[in-house]
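**Student:** My request is simple: use the sequences and hints to build the entire structure.
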Amino acid sequence: MPTRAKTVKNTYGTARGRRAAWVDWRWIVLLGGISALLVFAGQDATGTPPLGTEATAATGTSKGPAPDMDQARSQDQAVAVDLAVEVVDTGGQRAYVLVLGAMASGLDDAALTFRSGQAFDFVAVQDGREVWRWSAGRVFHQAVTKRRFRPRELVVFAHVWDGRDAAGNPLTGPVEIRAMLTSDPPVATEPVVLDLP
Amino acid sequence: MKLVSSAATTRSRRWFRYAAWLLLTVLVTGCFGSPLGGGTGTTFSLQGTVLVEGSDGTPVPGAVIRAAGREATTGQDGTFALEDLPVQGQTMTVTVTAPGYEPATVAIHPSGGANLLVTIVLVPNEDDGGSSGNDGEQGEDGGTGPGGDDGDGGDGGNRDDESPEPRPEPEPVYRGAVEANVRLVNVGNPQVAAAAVVPQELLSRHAARTVTRTTAEAVPGEWIVQLNGEYPVQAINTMWTDAGVRVVERLADNFYLVAADGAGSSVETELRLAQLPNVVSIEPNKRVQPVAVSYLPNDTYFDRQWSLPLVSIPYAWNITTGSRDVVVAVLDTGILPNHPDLQGVNIISGRNFASDQSATNYTDDATSLSHGTMVAGIIGAMTNNGQGIAGINWSVSIMPVRVMSSRSGGTVAAVGQGIRWAADNGAHVINMSLAWDATYNDTFVNQQIEYAASKGVVLVAGAGNDSGRVTMPAAHPDVIAVGAVDRNKRVAWYSNYGSQLELVAPGGDTRSSQANGILSTDIVSRRLSYSYQQGTSFASPHVAGIVALMYSAGITDANEIRELLRHTAEDLGAPGFDNYYGYGLVNAYAAVTGSDPIKAQVAVASADGTRIWGPVTPLRSGARALARLEGVAPGEHTLFAWIDAVPDGMLGDGDFAGVTQVEVPEDGTVTADLVLAVWETLSAQDRARLSALANR
Chain A
328 MPTRAKTVKN TYGTARGRRA AWVDWRWIVL LGGISALLVF AGQDATGTPP LGTEATAATG
388 TSKGPAPDMD QARSQDQAVA VDLAVEVVDT GGQRAYVLVL GAMASGLDDA ALTFRSGQAF
448 DFVAVQDGRE VWRWSAGRVF HQAVTKRRFR PRELVVFAHV WDGRDAAGNP LTGPVEIRAM
508 LTSDPPVATE PVVLDLP
Chain B
818 MKLVSSAATT RSRRWFRYAA WLLLTVLVTG CFGSPLGGGT GTTFSLQGTV LVEGSDGTPV
878 PGAVIRAAGR EATTGQDGTF ALEDLPVQGQ TMTVTVTAPG YEPATVAIHP SGGANLLVTI
938 VLVPNEDDGG SSGNDGEQGE DGGTGPGGDD GDGGDGGNRD DESPEPRPEP EPVYRGAVEA
998 NVRLVNVGNP QVAAAAVVPQ ELLSRHAART VTRTTAEAVP GEWIVQLNGE YPVQAINTMW
1058 TDAGVRVVER LADNFYLVAA DGAGSSVETE LRLAQLPNVV SIEPNKRVQP VAVSYLPNDT
1118 YFDRQWSLPL VSIPYAWNIT TGSRDVVVAV LDTGILPNHP DLQGVNIISG RNFASDQSAT
1178 NYTDDATSLS HGTMVAGIIG AMTNNGQGIA GINWSVSIMP VRVMSSRSGG TVAAVGQGIR
1238 WAADNGAHVI NMSLAWDATY NDTFVNQQIE YAASKGVVLV AGAGNDSGRV TMPAAHPDVI
1298 AVGAVDRNKR VAWYSNYGSQ LELVAPGGDT RSSQANGILS TDIVSRRLSY SYQQGTSFAS
1358 PHVAGIVALM YSAGITDANE IRELLRHTAE DLGAPGFDNY YGYGLVNAYA AVTGSDPIKA
1418 QVAVASADGT RIWGPVTPLR SGARALARLE GVAPGEHTLF AWIDAVPDGM LGDGDFAGVT
1478 QVEVPEDGTV TADLVLAVWE TLSAQDRARL SALANR
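In order, the protein sequences belong to chains A and B.
For the first sequence, the working numbering assigns the number 328 to the initial residue and increments by one for each residue that follows.
For the second sequence, the working numbering assigns the number 818 to the initial residue and increments by one for each residue that follows.
Source of the hints: derived by calculation from the structure; they are not laboratory data.
Where a beta carbon is used, it is the ideal one built from N, C-alpha and C, also for glycine.
Don't take every hint at face value.
So these bits of chain A aren't anywhere near chain B, every CB distance computed over 10 angstroms [unchecked claim]:
1. Gly-419
2. Gly-444
3. Val-471
Here are some chain A residues pointing at chain B (derived, C-beta under 8 angstroms) [what the hints assert, rightly or not]:
4. Ser-443
5. Gln-445
6. Ala-463
7. Gly-464
8. Val-466
9. Phe-467
10. His-468
11. Gln-469
12. Ala-470
13. Thr-472
14. Arg-475
15. Arg-479
**Tutor:** See the structure below:
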């Protein structure tokens, strides 16, 4: 896994405002990955379900960043994962697009075991204390399944976070975002530090 | 049961009281037409000895024997002889009187030319010090000694009045005890009486596989009699001609078929038969006949459903196959109602509480793995429709309550709403093959669980797959938490554990083979099909389905259901409750028949079968049923028990029974594990032993 910790600033403007400072191949990968997710959906021979995705849109248009899979795949791991976080600010409403990308890191398919219907999780940590978790208050079925990841197929899990803690209070200051596939064993990304205003 | 009297005793006043209950014991020897002479074709001879009851062969001189208008008096040695007595009917009465003794009568069955040899035992009168007579007054007449004026019984009893009779030895007090842990096991083998009483409407669809059930009913007026030897039939009939029975045929060895000969109640005849000479044992003859032609389901994949016989579900179908009146709510991802193996299942109107679809759309949106469809199929897929799988319930109503999406799960709030809606709309059982972290304490959903429980709804949930603590909602006290086992009854590698775990049921383990998973209705790559899966998701609906069977069998109180599930479960792991198996592996047949182990009859039989201790019924001790028998003689004995699960008063098919050997100490308790299995699964040897013991 990449060792860098990204501090992502508000690079992108609103839909009505400035254009993005740059457009590169990451957008293509992101869009292609989402398309692949919808079409192929990571099924295995027994017909286990597609990877669960969560892509809840906040206000405005989410133009989430793409995970850096090149760096993720360079690590010695069957399934490479990476986390990208993008800030979206629309009319004063700030949201954070959390994107977890997963792809088989080698030339062959890789299978992971999941103990429930939950496939991923996002966690926010501040001052060493967990302040928010995506899966809190969610329920999942209790079937143990195996899911297959393919080498050139990006599977994306996304969530738009409102920057608030579990109690609904807005967070400020540095917050570390962590993401993982909730497989057995879990596959976690490097954290991304956000500086919340 | 036969009681063996203690060794020879001497007279005592105590003994007289006991002896007052005894009649004469007549030992007839050599009476099967042995040519000892003494009689013509119309006459017979009667010889014998008169002894004091309880003595070591003390004769009674001066006793008068009267028979057929003739009489004889015993000599000093107690013997007598009457010859050329006329045969008067099939039964004759012989009276015996002697001073100081209770008068006695003997019924004999002479035949012309017979020489009957008898030994008659007289009971001394009460309040006599001994056999010497009444207070010594008659001692002179009877030559029986000074009598027992002191009544001690220690001195009297001897005619010679020379030496005191030894006191009778008191009945020994045994200090050994047996404590039996009585528990049940599942049937396992689907072929063991795996037959169902099938409603006609379910038979009409396809031809089912037939299995013939049998039953055994007593044949009136016929008995199987065991004699103390092998004799010609005619000889026995000759001796028994006045008894009102006749030997029909010799069956084998010393077993004979005997029939009542004429009128008279069967009970009286049986009692009379029991008292006939040379009879060792009697049992009614029984007719074995098919009572119903029953069926195994003809579903294509039934033979792959190893989980059903593992928990005795096919055997439970002998009792009930479910009912459409029972509603099981499946709180899940929704179902695919168009699945071919759900066609015909009574799917009643459901509800959706997940945010991604409308309230009335409870259809699962999955294109592969429709979790809710799998759960519903386990509980009640169409059975005996010539395709697919067999549901636990051949008839049931499924209430689909969608609380989560196949793609993204659901929320605790939606689950709470679903529980409330199901309870308010007629659900008898709620299955929740879902989970959230137990540390997430949600007051709303807890209240809905308690609300449903207060309405008598039985809630069942999978314990979770984290190999850790039991998750919610299973961890709630009002929910039955179900862990998973593989097809070898071992706790599954993923199954959660802890003190909240209540039962285990098959959840599968596909690590080595898909076929070791749980097979059910599914969607695979957008095609309606079947698949094998593993998880506590699939253990929970086994229990929910069994609860539905219990409802249809008339067990409808939620507390009773829960108690029965616990106490009829097959105890696995550590004895009693443990954190990995809970109370054990659910047992559908034991549950639907209410075969709680505390209903067992438990007894101990001596090695020679002449002594029985018990039966007693077990008491609940935590999660176990313990039976205790006190005062058992030391030595190796047989410990046995049974539950009349098919309440017909007979031990046989459908009942639980078990037998084992125990070594009882002189002083102390031996503990034993007594496993009760369904009758048909016992070995032939055990069945024979149990039949012999239970019939005593």
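**Student:** Against each hint, give a clear statement of whether it holds in the structure.
**Tutor:** Here is what the structure says about each hint:
1. The non-interface label for A/Gly-419 is consistent with chain B: the shortest C-beta to C-beta separation is roughly 26 angstroms, beyond 10 angstroms.
2. For A/Gly-444, the requirement that its beta carbon stay farther than 10 angstroms from each beta carbon of chain B is not met, with the minimum near 5 angstroms.
3. Against chain B, the non-interface label of A/Val-471 is violated: not every CB pair exceeds 10 angstroms, the least being about 4 angstroms.
4. Interface hint status for A/Ser-443: upheld, as the beta-carbon distance to the closest one in chain B is roughly 6 angstroms, under 8 angstroms.
5. Evaluation of the A/Gln-445 hint against chain B yields a held restraint, the C-beta minimum of about 6 angstroms falling below 8 angstroms.
6. Taking 8 angstroms as the C-beta contact cut-off toward chain B, the hint placing A/Ala-463 at the interface holds, the least distance being around 6 angstroms.
7. Of the supplied interface hints, the one on A/Gly-464 holds, with its beta-carbon coming within about 5 angstroms of a beta-carbon of chain B, less than 8 angstroms.
8. For the restraint placing A/Val-466 at the interface with chain B, the shortest Cβ-Cβ distance is roughly 5 angstroms, inside the 8 angstroms limit, so the hint holds.
9. The criterion of a C-beta within 8 angstroms of any C-beta in chain B is met by A/Phe-467, whose closest approach is roughly 4 angstroms, and the hint holds.
10. With a least beta-carbon distance of about 4 angstroms to chain B, the hint placing A/His-468 at the interface is held under the 8 angstroms criterion.
11. Residue-level restraint check for A/Gln-469 holds (minimum Cβ-Cβ distance to chain B is 4 angstroms; threshold 8 angstroms).
12. Interface hint status for A/Ala-470: upheld, as the beta-carbon distance to the closest one in chain B is roughly 4 angstroms, under 8 angstroms.
13. Given hint, A/Thr-472 at the interface with chain B, holds; its Cβ is 7 angstroms from that chain's nearest Cβ, closer than 8 angstroms.
14. Because the beta carbon of A/Arg-475 sits about 12 angstroms from the nearest beta carbon in chain B, more than 8 angstroms, this interface hint is broken.
15. At its closest, the beta carbon of A/Arg-479 sits 21 angstroms from a beta carbon of chain B; the interface hint therefore is violated under the 8 angstroms criterion.
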